Amino acid sequence: MESHVAHDQHEVDPGAYDFAAIQAKWLPVWEESKPFEAGRPGDKKPRKYILDMFPYPSGDLHMGHAEAFGYGDTVARYWRHQGFDVLHPIGWDSFGLPAENAAIKRGVDPRGWTYENIAQQKSSFRQYAPSFDWSRELHTSDPEYYRWNQWLFLKLYEKGIAYRKAGQVNWCPNDQTVLANEQVVDGHCERCGAVVTKKALTQWYFRVTDYADRLLDDLNQLEGAWPSKVLSMQRNWIGRSAGADVEFEIEGREERIPVFTTRPDTLFGATFMVVAPDSELAAELAAGASDEVKARFEGYLDSVRTESDIDRLSTDRPKTGVFLDRHAINPVNGERLPIWAADYVLADYGHGAIMAVPAHDQRDLDFARAFDLPVRVVVDTNQPVTGVIPVIPLDENGVPYLPDDLPPLNPAETGVALTGEGRLINSGPLDGLSKSNAIRRVVELLEQRGLGRAAKNYRLRDWLISRQRYWGTPIPIIHCAECGEVPVPDSELPVRLPDAAGLDLKPKGSSPLGAAEDWVNVACPKCGGAARRDSDTMDTFVDSSWYYLRYLNPTSDSVAFDPAEAEKWAPVDQYVGGVEHAILHLLYSRFITKVLFDEGYLSFTEPFTSLLNQGMVLMDGSKMSKSKGNLVEFASELKAHGTDALRVTLAFAGPPEDDIDWADVSPTGAAKFLARAWRISGEVASSPDVEWKTGDAALRRITHRLLADAPGLVEAYKFNVVVARLMELVNATRKAIDSGAGAGDAAVRESAEVTAMILDLFAPYAAEDMWERLGYQPTVALVPWRKADPALLVEESVTAIVQVNGKVRDRIEVSPKISGDELEALALASEAVVRTIGDREIVKVIVRAPNLVNIAIKG
1 MESHVAHDQH EVDPGAYDFA AIQAKWLPVW EESKPFEAGR PGDKKPRKYI LDMFPYPSGD
61 LHMGHAEAFG YGDTVARYWR HQGFDVLHPI GWDSFGLPAE NAAIKRGVDP RGWTYENIAQ
121 QKSSFRQYAP SFDWSRELHT SDPEYYRWNQ WLFLKLYEKG IAYRKAGQVN WCPNDQTVLA
181 NEQVVDGHCE RCGAVVTKKA LTQWYFRVTD YADRLLDDLN QLEGAWPSKV LSMQRNWIGR
241 SAGADVEFEI EGREERIPVF TTRPDTLFGA TFMVVAPDSE LAAELAAGAS DEVKARFEGY
301 LDSVRTESDI DRLSTDRPKT GVFLDRHAIN PVNGERLPIW AADYVLADYG HGAIMAVPAH
361 DQRDLDFARA FDLPVRVVVD TNQPVTGVIP VIPLDENGVP YLPDDLPPLN PAETGVALTG
421 EGRLINSGPL DGLSKSNAIR RVVELLEQRG LGRAAKNYRL RDWLISRQRY WGTPIPIIHC
481 AECGEVPVPD SELPVRLPDA AGLDLKPKGS SPLGAAEDWV NVACPKCGGA ARRDSDTMDT
541 FVDSSWYYLR YLNPTSDSVA FDPAEAEKWA PVDQYVGGVE HAILHLLYSR FITKVLFDEG
601 YLSFTEPFTS LLNQGMVLMD GSKMSKSKGN LVEFASELKA HGTDALRVTL AFAGPPEDDI
661 DWADVSPTGA AKFLARAWRI SGEVASSPDV EWKTGDAALR RITHRLLADA PGLVEAYKFN
721 VVVARLMELV NATRKAIDSG AGAGDAAVRE SAEVTAMILD LFAPYAAEDM WERLGYQPTV
781 ALVPWRKADP ALLVEESVTA IVQVNGKVRD RIEVSPKISG DELEALALAS EAVVRTIGDR
841 EIVKVIVRAP NLVNIAIKG
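Numbered according to the UniProt record's numbering, the sequence shown spans residues 1 to 859.
Among the clues, some could well be false.
Claimed, not checked - Taking lysine-lysine and the DSBU-like style, the derived pairs with C-alpha atoms no more than 35 Å apart in a straight line are:
no., residue 1, residue 2
1, K105, K639
2, K229, K435
3, K508, K165
4, K199, K506
5, K623, K198
6, K122, K105
7, K199, K319
8, K672, K623
9, K718, K568
10, K229, K718
11, K122, K25
12, K787, K735
13, K735, K639
14, K693, K817
15, K506, K105
16, K672, K735
17, K122, K718
18, K294, K165
19, K817, K718
20, K199, K159
21, K508, K294
22, K807, K122
23, K639, K623
24, K568, K229
25, K105, K45
26, K319, K435
27, K122, K506
28, K735, K693
29, K526, K165
30, K159, K526
31, K807, K735
32, K807, K817
33, K44, K122
34, K122, K672
Rather than coming from a laboratory, the hints here were simulated on the basis of the structure. If you're wondering where the values come from, they're calculated on a predicted model, not measured in any experiment.
Produce the complete structure using the sequences and hints provided.
Structural data, given as structure tokens:
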């Protein structure tokens with residue numbers, strides 16, 4: 001049994017629940033004792049790594065933080081009670097555009113704005129009392145952190161995974177910086193909402209596409225441990241599709257053009273080709289055309305550059321394009337195919353060109369109908385294939401057509417492409433084959449002729465990591481006229497950001513670092529000649545892609561992380577954060593983890609074993625915002641109701657993944673519940689050494705059922721159910737004190753102690769104070785989980801429902817072990833049942849022991 005020497009350093013009125021006094025009492029005790037530091041020397045406990053997605057320091061904490069970090073802390077505290085050494089660290093994702101934009105607006109250094117906000121959030125976190133290991137705190141904007149971003153970049157550069165190339169990139173005209181595809185939401189910048197355009201720039205990339213198959217296939221490891229929604233989003237973003245690369249000759253051009261298609265079986269139905277107007281290929285083809293065609297193409301290209309990729313791919317907008325007065329040759333039948341530039345093809349899909357088969361692709365068909373291009377059916381969808389039931393139309397009399405009499409369908413007339421299964425027609429050697437067999441056969445033919453091969457394509461694109469802004473990790477490359485790209489030597493890392501004083505940080509299309517002449521002009525590490533630093537900074541998703549590993553050695557100046565520590569703690573057992581990071585952050589973390597695995601630094605390939613996404617905290621059905629006048633401030637709620645009431649309210653509101661409407665919850669009700677529980681701890685009159693078995697059996701059964709059920713509920717994230725069960729236990733204990741057993745009963749003490757232990761998951765201040773009032777030293781957070789007594793989990797009786805013709809006629813208290821025959825006999829002997837049946841005939845008796853008897857009678 002635990003020590004029961006009381007801690008009396010602080011005083012709280014024993015008769016009233018005063019959350020402010022309790023918080024003021026216990027916070028300094030925890031800060032002094034540091035009970036949540038993980039990995040203490042000699043600790044032999046099994047380990048758990050619980051991690052919350054670290055916050056961005058854009059101001060004080062808000063209600064979304066309160067929810068997410070409350071859930072993460074519940075999980076961390078639970079595993080400590082289960083006997084684990086729990087690593088639960090905290091840090092700040094402190095580089096990025098919001099800090100820089102705020103600094104520009106205020107005319108201050110981004111550093112000052114960032115670290116002031118960190119101090120404010122840190123103070124609020126301490127009040128909120130998550131069980132963080134504060135000794136591992138980190139900030140990604142510290143040179144001690146971003147030095148290792150640069151180390152990681154250079155490792156990827158050595159392997160050819162980091163590279164620089166010119167191309168069309170997403171450009172935010174407001175923030176004056178490039179954006180990765182994932183940072184463009186419905187054609188707008190995810191940060192500022194500006195319409196994103198395209199711009200030709202030379203940028204740095206990571207070859208995430210080299211890992212596309214592994215990123216996709218390894219999601220199978222996470223089935224059941226990550227939300228299915230997130231797994232689907234990852235799969236869709238990677239977007240693997242199987243097909244073939246088909247090589248088309250272009251009249252007047254030496255090199256053939258590779259075209260990726262998922263339907264090489266429809267090659268005989270190709271009637272034209274479409275190239276992306278903003279691709280290099282389109283520019284090349286237009287350059288060889290007449291002046292009239294060139295002019296039309298340039299005008300069209302200007303209009304396309306103002307469109308977002310989302311708009312271009314929309315299926316419900318009119319099709320536009322320009323004929324380039326060039327032709328391709330179909331490799332299977334030698335036909336000349338006119339080449340068009342059209343915006344519904346993207347430059348970074350496949351090879352930037354498609355073969356158009358309008359009879360069997362809706363977008364191709366819409367384009368063909370708009371420009372009066374040929375439509376040729378090559379898949380007869382009226383012909384059934386194995387496992388597919390054809391749709392048989394009816395004639396005007398409602399009589400089904402026989403298969404031989406099916407009317408021909410002409411997509412050029414109906415406007416509906418034939419995308420269903422069927423057999424090949426008008427396709428020479430492919431006629432009569434099903435789709436899958438035709439694909440295999442045509443790929444064989446193409447490979448024999450050297451005109452194609454089986455291939456895979458991905459929606460995923462390489463990760464564009466360079467940004468034209470100041471507040472980020474400098475890219476550790478030096479550009480020399482003689483030597484080209486030269487990595488900064490490891491001994492010269494970190495490449496520190498220069499002082500912002502004197503720099504114009506306003507976005508202008510190029511990095512402000514380029515104007516820091518003393519910083520940017522350096523000697524080449526190879527030849528010693530004049531050279532310049534790369535003036536771009538890294539995407540902040542680089543910072544967060546590996547931060548979970550830096551927590552293992554946050555102060556080391558010799559390694560980014562110790563592989564031995566990674567072997568002890570990683571991967572993360574439980575990750576908690578918003579679903580808005582389902583693609584960007586999680587995908588990049590998974591990619592970097594696989595790179596580090598390949599380099600021998602890690603023994604695992606997935607960074608986060610289990611993932612919990614929380615919903616949003618709304619007000620009156622809408623997202624909170626000052627402009628809507630529905631903002632609920634974290635600080636004011638904390639002051640009004642206290643940490644514990646806030647945390648209990650959020651836990652009790654519903655499943656974590658659901659949205660919470662603050663208008664529908666009651667922190668006042670949570671505070672009343674906490675007060676009831678706290679008062680009971682002060683009324684307990686028995687000694688901590690009392691023998692539990694002497695206590696009230698009914699109350700003990702309720703207590704031990706909760707002890708037995710709570711672990712499964714917590715591990716299934718059913719925090720609201722655990723809180724509800726705690727409320728039931730507190731009510732039952734109150735009833736036992738007031739109506740019989742009394743405050744001196746051993747069962748009352750036992751239930752009070754169990755309440756304090758489980759309440760620690762949600763209300764650490766009240767739980768700690770209850771624990772002291774019950775005669776123990778802090779901290780209740782480290783108390784081993786009490787084991788349920790199996791004997792108390794066996795119900796002494798259950799209520800069996802007796803129905804006659806489906807209507808309840810009686811309820812009988814019976815043994816849980818009663819047999820079906822015994823239960824049937826008791827039901828038929830019931831006075832209420834006998835009276836109901838009378839002299840009518842019993843047709844059937846259905847018995848489901850020990851819960852139900854249903855008697856069917858005539859009449």
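Comparing the hints with the structure gives:
| no. | hint | in the structure |
| --- | --- | --- |
| 1 | K105 <-> K639 | 31 Å, holds |
| 2 | K229 <-> K435 | 31 Å, holds |
| 3 | K508 <-> K165 | 21 Å, holds |
| 4 | K199 <-> K506 | 19 Å, holds |
| 5 | K623 <-> K198 | 31 Å, holds |
| 6 | K122 <-> K105 | 24 Å, holds |
| 7 | K199 <-> K319 | 23 Å, holds |
| 8 | K672 <-> K623 | 28 Å, holds |
| 9 | K718 <-> K568 | 29 Å, holds |
| 10 | K229 <-> K718 | 19 Å, holds |
| 11 | K122 <-> K25 | 19 Å, holds |
| 12 | K787 <-> K735 | 24 Å, holds |
| 13 | K735 <-> K639 | 32 Å, holds |
| 14 | K693 <-> K817 | 24 Å, holds |
| 15 | K506 <-> K105 | 9 Å, holds |
| 16 | K672 <-> K735 | 16 Å, holds |
| 17 | K122 <-> K718 | 28 Å, holds |
| 18 | K294 <-> K165 | 27 Å, holds |
| 19 | K817 <-> K718 | 30 Å, holds |
| 20 | K199 <-> K159 | 28 Å, holds |
| 21 | K508 <-> K294 | 32 Å, holds |
| 22 | K807 <-> K122 | 61 Å, violated |
| 23 | K639 <-> K623 | 22 Å, holds |
| 24 | K568 <-> K229 | 30 Å, holds |
| 25 | K105 <-> K45 | 50 Å, violated |
| 26 | K319 <-> K435 | 28 Å, holds |
| 27 | K122 <-> K506 | 29 Å, holds |
| 28 | K735 <-> K693 | 19 Å, holds |
| 29 | K526 <-> K165 | 22 Å, holds |
| 30 | K159 <-> K526 | 20 Å, holds |
| 31 | K807 <-> K735 | 34 Å, holds |
| 32 | K807 <-> K817 | 25 Å, holds |
| 33 | K44 <-> K122 | 31 Å, holds |
| 34 | K122 <-> K672 | 28 Å, holds |
In summary, the structure is inconsistent with hints 22 and 25 from the numbered list given earlier, while agreeing with the others.
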